[in-house]
Structures are given as structure tokens and as C-alpha cells.
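One letter stands for each residue in the lines below.
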Amino acid sequence: MLQEFLPAAPVLLVLLGGTIAIIFEGAVPRLVRPTVQAAWTLLVLLGAFCWTLYGWTVYQPQLTAMNALTLDGPAQLAWMLLLFFAALGALLFAERRVGGGESPFAPNASAVPSSQVEREAIAARQEQTEVFPLLLFSVAGMMVFVAANDLLVMFVALEILSFPLYVLSGMARRRRLLSQEASLKYFLLGGLSSAIFLYGIALVFGYAGSFYFRDIDLAIQANAQSPWLLLCGLGMVAIGVLFKIGAVPFHNWVPDVYQGAPTPVTAFMAICTKLAATMGLLRLLYVALGSLRWDWQPMLAVVAVLTMLVGSLVGLVQTDVKRLLAYSSVAHAGFILVGVIGAVTTVNGLADDRVGSVSAILIYLAAYGLATMGAFAIVTLVRRSGAEATSYASWAGLGRRDPMLGVLMTIFLLSMAGIPLTGGFVGKLAVFAAAWNGGYSWLVLIAVVASLITAGFYFRIVWVMFGQTPNSETALVSPGVGTQIVIWVGVIGTILLGVLPGPLLDIAINSAGFIR
Amino acid sequence: MDNSIPLLTVLGVLPLIFSLIAFAVRGRAGKHVAFVGSLVTMVFGIWIFFAAASNDFSEMVPWIKAIGAWYALSLDGMGRAMVLLSVILVPIVLIAEWTLDSKQTDGHLEPRWGSNVFGALALMVEGFGLFVFMASDVLLFYIFFEATLIPMFFLITGWGGAKRGKAAMKFLLYSLAGGLIMLFAVIGVYAVTAGAGQPSFLIDDFAAIAMSETVQKMLFVGFFIAFAVKAPMVPVHTWLPDTAEQAVPGATALLVGILDKIGTFGMIRICLGMLPGASLWATPLVVVLAVISIIYGAVLAITSTDLLRLVSYTSVSHFGFMVLGIFAFTTSSITGSIFYMLAHGFSSAALFLAVGFLQNRRGSVAIADFGGVREFAPLLAGVFLVSGLATLGLPGTANFAGEFVIMTGAWPRQTAAVAVAVFATVLAAVYVLWAYQRVFTGQPSDEVKKSITSDLDGREKLVIGPLIALLLVFGFFPQPMINVVEQTAVTTMNVVGMTDPLPGSMGGK
Amino acid sequence: MVSLLEIVIPVEATGLFSYSWLMIAIPMLVSAILLLGGKATDSWGHWLGVLGVLGSLAVALALWITMLGLPVAERAVHVSGFDWVSVGNLNLQAGLLVDQLSILFALLVTGVGSLIFIYSVGYMAHDPNRRLFFAFLNLFIVAMLVLVLADNYLLLFLGWEGVGLASYLLIGFWQGRHSAALAAKKAFVVNRVGDLGLLTAMFTMVGLFGSVNFTDVNQAVGSASTTWLTALGLFLLLAACGKSAQVPLQSWLLDAMEGPTPVSALIHAATMVTAGVYLVVRSHSIYELTAAASLAVCIVGVVTLLAGAWIGSTKDDIKKVLAGSTMSQIGYMMLAAGIGPAGGAFAIFHLFTHGFFKANLFLGAGSVMHAMNDDTDMRHFGALRKVMPWTFVTFGISYLAIIGIPPLAGFYSKDHIVVAAWEQGWYFGLLATLGAGITAFYMTRLMMMTFFGKKRWAEGVHPHESPKILLFPLIVLSIGAIVLGVVLNNAIQYWLAPPTGGHPHSAAWWDIPWQGWVTLLVVLVGVGIGYLMYRGEISYEQPHTINPIVYIGRNDLLADQFNDVVFVRGGGAAAAAVATLDDVIVDGSVRSAGSLAKGIGGALSKLESGYARSYGLTMVIGAIAVGVVLILGRLA
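Residue numbers (the working numbering), protein chains in the order written: chain A, 1 to 516; chain B, 1 to 509; chain C, 1 to 636.
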């Protein structure tokens, strides 16, 4: 029994860590609690990461946890990436220096903004250290989501990963109302998408008579029943995941939530949610619904085109850095979908020792994550009277005031724009190549055009930072250790991935095989 | 030759290292570092230029095995010529823009960054550019092709006129548009080679692969559009005049002199070298576009009221000649094109920098703001005229050698195109001499009297002297350089599978 | 058709001939010193300049004397140079050809050049930029010698453009004068139009024969189709028209008189403008095989000789009269060159003598201008023969020479051409004879207005004889104008027979055919008319005219008006249209693509209302759309 669960231990470790962290809330004195919680969270994530790494070298791909989870290459790589980015996110959660000694989260989340209760909470230097266990729970949900072997587990995981995020989004210390609004929107729309997802599961079950991916695939191949049921199920299940990815037309929550949520949460969400959702989508589509790819490829192509174009075009007219990064994330969702559609090989995701869709997307997500994490970290440094100042006007001349910071931000933006010698370029190259190999060269052409449009707004920020006269009302706070680590890890990773992507690419290729 | 030292890598990295140092060392010292760096690169580059004649410096290291990307550098005749051009132009440009930080006349806004940054960026452009000219792997070529845009973008935004930000953005987006379309083709290269069994981005590997005509044409179009943007061909040229108008002449000289050559370089190296069938297929259209560029650029140069725009339009015209030569598919026309790339690098730089001297004095480059300048600055008038004469292709200058060899070579295959293109030689006389007449002759206005107070000083002579000397040397004795670049033309002709038309094949009895 | 001509294969240079390049190198060195030396050379630069051309002259003379001592077969000498460009099928060398034709030209250029240089020392004495002037003059000598000594069309082209450049620099020498700058530019641009012809001719030669070498081309002409040979002939003719100011590319020459007068004498009368004739004569083997192109040459020649004479008859500016006359005289040469092998030698003969008397006329005009405070309007002259006797006498000699009074030089050289023209066709002969009559008329008019009649000098002008340094060249040149005809009449035919492919037939200098007598008669009539018309009062101001002949002549045959309408305005409008196209359509489409993207982005961002309900609705619609796409995909 224990043996059965051992390969899935990282998930359990994170869950257990979260539970213990809740105990800390009661057991640890208030003043040291933030430090203890942060340290504990990092420790848990690190432990889980190491265990995953160990497992990756030891275990053959297998089904585990009583066939609830699959422990294959993509799952393990996704876990490692999730844990890695979650750890970076946690560092931002714990950052206090940039906020002038204050945490980025509300002192008392249940207090009405600007109320007496809140003022007292501030005066008492209260802190909602529950954010750390929430982070851990969300990560655990994501890990389950990417490894789920049946639809029900997937649904449960989806809810586990979502609920902490709904809460976290509403906990911004500054601009609470905006934050709470974001939280509520996210919750409402998330609920809607969950409902659609669940309905889809029911329809698929109705068709296949099983929740297991393997059975579903066999049922499709056996041509069990009328396909219409299955098609509707496919569509609804896909919508549930596309919502999380932020694909058009299920993307409307993205800008509002990204802007409203506390920036560390936004950073965490932007990467980890997208990563988990994408990998989940891949497993769902390739493993369970691989035989239906002639159906979902065109549908996803339409979504991908819309996503890329809407993300890039609307991004052009933005004037707020955080909101721009939200649209950029939408556009990137489109680029990722381009890779998904390629579907070079469906069931095992491998294409003769070459860059296939799965490995390409893993690389893409890694590159995107590094750059996005770094960019959001820098967003937290630009402030006006204590609060983050994210309008372009406040960012004017940033690079001239602090050339180093400007150059770092530029590197992140270049990576997002897919300029060579950054990770973003390698990711794009791999993803587009996968799509072309899958016979979707026309989609690559559209993706290239969308890339150009995105370059328009990325370089606009570069221009704002270096070309415009510095804005004297904006303060550049110096980052704390955590933020510095995030930024430098982001930069080094971005450049390393851009210049020497070989090793990671090889790893991704060798571990790109799904099992069922 | 000891192959243990990757000399080509050293050549490319050298300016980049100096660039980083120059960034780090603020102020005037950084400017000196950059200049020393450019000189060191020049010496080393010239040594490589000569040494590469008898040595094979090729380097080839697997880079991203999974996708068949190689870190592969090599230097053929065309590459050598471009290396020579790059390493010579950069120090000259740095001298020309030596007083950049004190340039605060009407036409220029306050510089955005310290004087070390210009040099550092110029070296970065040089380093990336050198890698482009040395790359023998498509992906590597592409990567550095795009990489050059970033420092160039900053060179344009940093110094110059009031609308330089907009101009830089236009330059960038235009180039990126071309670049991303090229990315499409680059990915196609991967798809084709992967489909054939072994993914590889090596240019030499690719030529051996059989592929469908449609794919070949698609790839050709992707690459060609990128190169057409770069080599400003009509109708994708409009970024150049705007950029030239706003940027400082030194930056434009680097852009037009070195970076734009990547366009024609790529056409030979990649379009003809990798996709010969599609190149032949596209020839009629390309030739028409080239001829249109030639005439159109010349006409617009005539109508220009701004000297910098004028010079940039002349480049549009001249790049048309190069493209015409490339797509005429004779050894001599292709050789002529490569030679012209070199010559145009020097002549356009000379003219841009000479205009820069005027700009520094008058604070304007509007032709209407001048008149009678010769009276106060006869030497400046002289160097402008000589640079202009080189630009209009006077025999005895390198440009003539280029144009003549191109047109002579192309005549048997593209008689009609050459017959039209040759009219540009008349138009060239009009735009150069009309500009000279309006700027330098006649009676000076009061403003001119006030602002043009000095003739060329020693620094300025140091800038323009070598350029003019090079133009004359290559004009009277082009053969040594022709020998260098002919190798590339011969190789390309073999790849394309064309033979030179024999004398008499055109109109014999 | 195989050429009937013997092709002269030049022998490789030995001995003195190996040093032929010195002819070019000496003035080149001088020019470089003067240009690079700057103001340091101001005090002695002009004398160094004179030395430059004298050095060339010395070399040319030495070569000529050596050549005289050689057997005819060894008189064409090839001096190897270097590979200019050798790639693929293209093989272009720079080498010199010293033969009877080129040495004659070299002597003319350096000989007349030396005299004009000396004259210029005096003429430009007060110009602050005299050193520069001599630098440019030496540059001109270099280019002109390259032009005539080249052994191939490409090197010839180098000289061809080089003289164009020198001409440009010298016409616009007084750059402060707007008109001078304009004239210089015009000369260069119009010449470039002609150069198109030479360029395309060379492209064609490479295409047809694989070489642009004179000898190679001569040997290979037989292999080409007549169509291409005709094209080749016409291309070369276009080039010749540009350089030699032949109709329709004549308009620049009159404006070129803006340059200092020695320049007009040397470049725009004696040497450079005749290069077109040289080109046609050099290419005789091509014209030999294409009757059409030869005919075109003749027609251009005849038209120009009349047009130039027409212009000369109506102008009041002394230099412009002479310029028209130059056009006209070159027209004669062109006519002769077009007639064929026999005419080639005559063309060169006339070219040679014309070089002397026309240079003399120009320098004489310069002398007059010098006396009249640089006024060129003949209406302000009159009665100068008494105050400027030397100028008058030398000018008068050349006057007699140009109108063709035996036994002066012009009579013989023109006589041959007229005779040949009659033999070519009576219409050519008639028109050539008529031209001679008009020449006599306008030259007489010039003489009358300048040296005879009453003085009509402007106030404050006190004419005086010019200093000796100006007179010396006048005297030498006028001696040439007297004797050259008699001396060269026969000799030159034999001398030039090998390079021009002519078949000389000897005639003594007193042996004048009937056409000669007729021409002489017509000339005398012309003189008479001129005398009668201009012996009386001449108004100080140019009278307004409604006489179309006078009006058109005064306005350079309306060439400027034509150029203005067609090229300046028409071309300008077209260029402006292209500029608009570039801005509105080409760049405009790019700009609007940018704003379109932003517009769409803006519109789409409106969907971002902020209301969860509308987001939910979008999602539902999206869900339906997904379903539709899936179903459609299945149905398709």
C-alpha cells in the first residue's frame, strides 16, 4: 500500500507541508510566524523538488496512487517546473523590503478596506501568513492536475488548485477593492468553467463508460457509440482547461485578475496555473482524446488564432505594465496552443528523438516562466508613495535612472518577444517547429505575425524605459534578497536557455513520453 | 595554422567584450575603451582577412543537437569582404561621432546616454554583424541577424533628431517583421531537414536535400522578404529614410554600410545557396523589383529636400543594383554585386558622414538651409563632392567598378532590365550634383555665414580621408578584391547550376 | 559580312614607348600636389601646373619623333597595364595604345594645352583660387590623355568621364555664380545621358565579343549580327553626341561658356568636345558594317553643323557665337566620320586644325574680354582693332582660317569634308556647303561687331592690348592656323590611314576640286552679307525680335525650353508623383497597418467591460462556438 503511493510522494509531501503550515498558524508566535512560514514553505517545495528529481532518476514511468496518477516524464518535468516556479513565487510572497517592511498581502483579509478593523490590523502589524499554506495547497492541486490519470481526479485537482488562488487574488495590501473584485470575478467565472468542465466529464463518461484516459481512448477507437456525445464532452472538457490557460474567448478574467491580484500572486498564477493547465490539456488531448485529433485540431487552431491575435492586438493599446503582461500572457497562451495543435505524435508525444509537441511546450513554458517571473519581480520595485506604480507614465525613463534594472527588464521583454539568444526564442522555435511538423505551417505564419505585433508592445516598454524622460515621482525601491534571487535566476535562466538550450531540450525530449 | 584557437569566434567576441567593458566604464574613459576596442578588432580583422586566403578557419561545434543546430562559422570570399568592411567602418564611425556628447545643435536633442554607450553599442553591432557574416548555420545566422537589431535600435533612439524614437521603432518593427517571416522559413528548414531524416540547420547540408517545389518556394519567399527589408528594396524600404533622417549620421553609416549588407549577403548565401530552384523561379519578379528600386530610389533621391533622406534613397537605388547582379546569375554579375556591397559600404558611409559634418555646423540637413558653403569650407565641399561622385559611380571609384561589372555581367541575361537600370546613372548625376549645387554653390545666406565658420578639422579629415582613399584604391585596382569575392560567386553559380553566357551567345550570327 | 578592313595588331611596347604612361603620370602628379598641397602651393602652383603639361608635351613629342622613325607596321604600339577586372567571362585590362591617331591627339592636347596653360597664368592672375584652377586643368589633361591613349573602351570611358568631371569643375569654377553652378551641373548631366550610350555599347561589346579592347573588337566585329552592330553604332553615336554637343544633346555647350575663357578654349573648343569624333573614328570598324548607324552619324553631323551655325548667327555674346561655331565645326567632323574610312582621316584633320584656330579665337575673345572688363556682349564692343592690334591680327587670321580662305588651315580641312559630303550624296554636300556660307556670315558678323565699326564701349571701360603672356599663345596658335593646312593636307591622310582604315589619295595643296571653288564662292557671299548687314549702326541693347529665326537661334533652338517642359517640369511632376506615391501608398499602407492594428486592439479592448456577467456571457458564447466548430469540423 505504501509502496503504491511512494512515487507520488512529492504531492503528498506538499499537501502534508500545507497542513503542517496551518498548524503553525496556531502554534507559532505571531511575530516570527512570517519567517517560519516562508522558510517552511520553501523547505517543503525544495524537498518535493528533490524527491521528484530523485524519482525521475529512479522510477520507470508508471501508474501510481492506485492508478489515480501517472508518473511519466512529462508529469515529473512539470512537477519540477511547478515546484521551481512556486519556490520563486514563494520568495516574492515573502518579500517585505520592497513594501517598506510590509508584506504584499493585506494584514487582515476579512476586514473591510479602509475600515477601523483594518487600521487596527495595520497598527498591530498583523499579517495573513495563511498565504503560504494556500500556495502549497494550490501547488499540490497543480501537481495532481498534470499527473491525473482519470477525469475525476483531474476535476478534483482543478478545484484544489483554483480555490487557494481565488482567495489569494483578493488579498492585496494596496488597492484592496480592485483585488477583491478580481477575486470575485475569478471565482464566479472559475465556477462557471468548472461547471462546464464537469458537464463535459459526464458526457465523456456517458460515451466511454469510464473516467480513465486509457479506457476513453480505447472506447473511441472501438467507436463505441454516436460521436456527438463525445464531441460535446470533448468541447466542454477542453473549455474548462482553456479557461485556466487563458485562451480566447475564455480569457476575460485574465487582465482584471492579473491587475487586481497582489503582484506575487499574479506572478505565481501567470506561470504555474498556465503550466499546469497546459500540461493537463496535453495529457487530456493526447492520451485520452488522441484519436479525436482531427476534431480538436481545427477547433484549437481557431482558438489559437483568436488567442494570439486578441492578446497581441489588445496588448498594443495598453498603458499599464501589469495589464500588458496579462495580455502578453494571453498571447503566449496562443503560441502554446500552436504547439499543442502540432500534436506531432499524440499518444506518446515523441517524434523519433526529436523535438515534439510535449518537449517543445515544456521548453516554452520554462522560458516563459523565467521571463514572466522576473518581469513581475521588477514590477514590484517600481512604486509611487508606497504602492506599485504600473502605468507607462510611471515607468518613463526607468532604464536611464537605473540602467541595470532597465537592461534586466529588457532581457525579460526580449525573451517574451522571442528575440534570439533568450529562452523565449528557443521556446518559440521549438513550438513553431512542432506545429510545422504537424502540418500546421499556415498557423506558424499567423503566429509569426502575432509575434511581430507583440514585439510592438514589448519594445514600447523598452522605449518607455530608455527613451523617455525619467518620471521623478516614481521611486525605485531596492529589492530584497528574495526578489533579487528571483530576478537573477530569471535572467540567468533566460540567457542560459537562449544560448545553450541543448541540455534542457535533451531532457525534455527524453522525458516527453506520456503513458496511460 | 593552429586550429585549437577558434579565431573566428575570437574575431566576433572581441568587439563584444570591449563593448561590455565600455558599458561598464562610464564617461569619456568608456569612449576611449570602445575606440581602442574597434582598433584592436580592426587589426585582428584585417589579419583574418588576409590569413583566411590561405587558411581554413572554419569552426563547427554541435550546439543544439536536438534540432540539428550547429555553432558553425566559416569565412568565404564574400564573408572576408564583409569582415573587412565592418572592421574598417566601425573605428571611422567612432571618430566621426567623437564629439557626439557635445552635439546639441538645433537638429539634435540632448543625448540620452553617456558617450561611452555609443561606442559600446557600435561595437555590439559590429560583433553581432561579424557573426552574421561568418555563420554557416541558418539558425546561427538568424539569431545574430535578429541580435543586431537590438543595439541598432538603441543607437537610433539614443542620439539624433526629435522623432528618433518613432524612427527607431519603425526600423525595429520593419526589421522584425522581416526577421519573423524569416523565422518562419528557418523553421521550415528544420521541418524539411527533419523530414528528410536528420534535422540540420547547416547551409551545406540543406542544399543536398530534395524537397517539393512548393516548400522550396515558400522558404524562398520567407527568406527573401526578410532580406528585401534589410537591403531596402521597394516597396519595403520606407523605414530607411525615416531612420536616416532622425539618427545621427554615424549610426546610419553603420546601419546602411554594414547591417543592410546582410540583406544582399543573405540573398547570395541563403536564397541562392540553399534554394537555387526557387531563386530561379522568382528571378523575373525579383529583377523587376530590383529595377524598380534602382529607378525609384534615384527619383526619390532627386526629390528629397533633406540630405540624409537623399543619401538613404541613393542606397535604395544602389541596393537595387546589387540585387539585379545577384539575380542575373553570372559569375561576373554576382561578383560585381559582392564587390559593390563593399564599395557601397565605404561610399555611403563617406556621404553620410560628410553630411554629418554639415549637420554639426549648421544644425540642419535641410537642403534649403544651405547655399554657398564652399566659400567657407572648400575642403568640406571637396570631400562631399568626391563622396558624391563615388556615389554616382564615376569611373575610378569603387562604385563604378561594382556597377559596371554588375551591368556588364547581367546584360546578356537581363538586357531589358539593365537597359532600364542604366538610366539611374543619369539620375545619380542629377541627385548628387543638384544637391551639391544647392548646398555648396551660389551666394551664402546670412545663416550660412554665421554657422559655417570652419572647414574640416584634423579629426574630420581622419574620418573622410581613409574612406576616399579606399574608394579610389578599389576603384582603380579592384582586381585583388574581385579575386577574393569571386570564389563565392563561383561556388554560388555551381550550386545554382548556371553557366556564364558565352561571348556571342547574345547577338552572334 | 566580313570586314574588308585590315586590322592593325599593335606591337608590344619597347624602349621609349614603355614610358608612354609618363604622359599621364606627370600631370597627374602635378594635379595631386596642387590638390593635396593646399594653400602652401598657392605662390608657385600655377607654374608647376604649366610644367605638368609641358612635361606631357615633351613625352608626346619624343614618342612622335620615335614613331616617325618606325616602319608603318610598327607604329601602333600597345603598352600593357594591369588587370582591372578579370572575373568569369569578363576580362578588362587597363592598357595604352599609342598609334598614329592617339599620338596626334596627344600632341594636340598637350600642345594647344601648353599654350592655353601659359595664357591662363596671365588670365587668372588675379583669381585667389588660381592654384586650384591649374590643378583642375592638369586633371583635365590627365583624363583627356587617358581618353585618347586608352587601348580599350573602358579605359577610354574612364578618361571620358574624367574629362566630364574636369569640365564640370572648370565650368563651375566660379561657384559663387549661380549660373556657373547650373551650367556645370547641366553639362555633366547631359553628358551622362550620352554616357549611357557608351555604357550600353560596352555591355553589348562584352556580350558580343567578350572584350572591349579596340583590337579585339575590330577583329571580332564580323561575327556579330547587323542588328546588334547597328545598335552598337547608335549607342556609340549617343555617347559621341553627348560629349561633342551634337544634336540632340547640344544644349550644355552654350551654357558651358560660364567657365573661364581658357577653359572654353581648351576643353569646350579644342579638345574635349571633339572626343565624340575621336570615338566614332576609333570605332570605324563597327560603322563600316552598319550603313544605318553610319547614316545616322552623318545626319547628326549635318543637322548639328547647321544648328550650330544658326545659333552662332544670332547670338550677341562673343563666347556663345564661338560655342555655336564649335558645335557647327564638330558637326562637320561628325559628318566626315560618318562617311566612312576616307572621311575618318578628314574628320581628324579638321579636328586638328580646328583645335588651333578655335583655341585661338577663344583666347582672342578672352583677350578682348580682358580688355572690356569681362564683358562678353559684342554690342558693347566695336572698333577694337586699333586698340588691340595684336589680338585683332591673330584673331583675324583664325577668322580667315575658320571660314575657309585658302591657303589657311581651315580651308583644306573643311574642303575635304565638303568634297566627301558631295560624294556621299548631293544633299549632304549642299548642306555642308551652305553651312560653310553661314559660318562665313556669323564669323564676319563677329568680326564686324567686335573689331570694326564705332566704339560702343560701356562707361569706364578702357580697352587696352593684353600683356605678352596672353599674346604669346595667340601668336603661336595663329601661326598654326596659317600653316597646318598646307603642311598636313596630304601627310595626315597617309599618317592616319592605318588606324582609320582610310585609302589615301594624294592631292597637292594647290589642287582644289570644283566643290572647293563652289564652297569658296558661297563663303565669300556669306562674308559679303555679313559685312553689309553689320557695317552700320549697331544698337547697344539687343533689340527685341519677332523674327522666328533670330528668336529661336538666340534661345539655343529652344532646347532649354524643351528640356524645361519635358524634363524639368514633366520629369519633376513625375518625380513628385513618385514621392507622393511613396509617402501615401507605400509608406502609408505600412502606417495604416500600424494604426489598423491599434484600432482593432482598441475596439477589442472595449469588450473588456469589467463586468463578470458579460465575461460569463462571452464564455457561454465561446462554448457554443466551440461546439459549432467541432460539429462543423465533423460534418465537413
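Hints listed in this document are in silico derivations from the structure and should not be mistaken for laboratory results.
Check each hint, because a few of them may be wrong.
[Claimed, not checked] Below are the BS3-like pairs computed for lysine-lysine, each with C-alpha atoms no more than 30 Å apart in a straight line:
#	chain 1	residue 1	chain 2	residue 2
1	B	Lys449	C	Lys598
2	B	Lys450	B	Lys163
3	B	Lys450	C	Lys598
4	B	Lys449	A	Lys322
[To be verified] Here are some of the chain B residues that sit facing chain C, going by a computed Cβ distance under 8 Å:
#	residue
5	Ser54
6	Ser58
7	Tyr71
8	Ser74
9	Thr238
10	Val299
11	Glu375
12	Ala416
13	Val420
14	Thr441
15	Gln479
16	Gly497
17	Asp500
18	Pro503
[To be verified] Output of the computed footprint for chain A on chain C, the stretches with three or more beta carbons under 8 Å from beta carbons of chain A:
#	stretch
19	241–248
20	623–635
Note that CB positions come from ideal geometry on N, CA and C, so glycine has one too.
In rising order, the numbers of the hints this structure does not comply with = Violated hints (numbers, rising): 1, 3, 4, 5, 6, 7, 8, 12, 13, 16, 19; every other hint is consistent with the structure.
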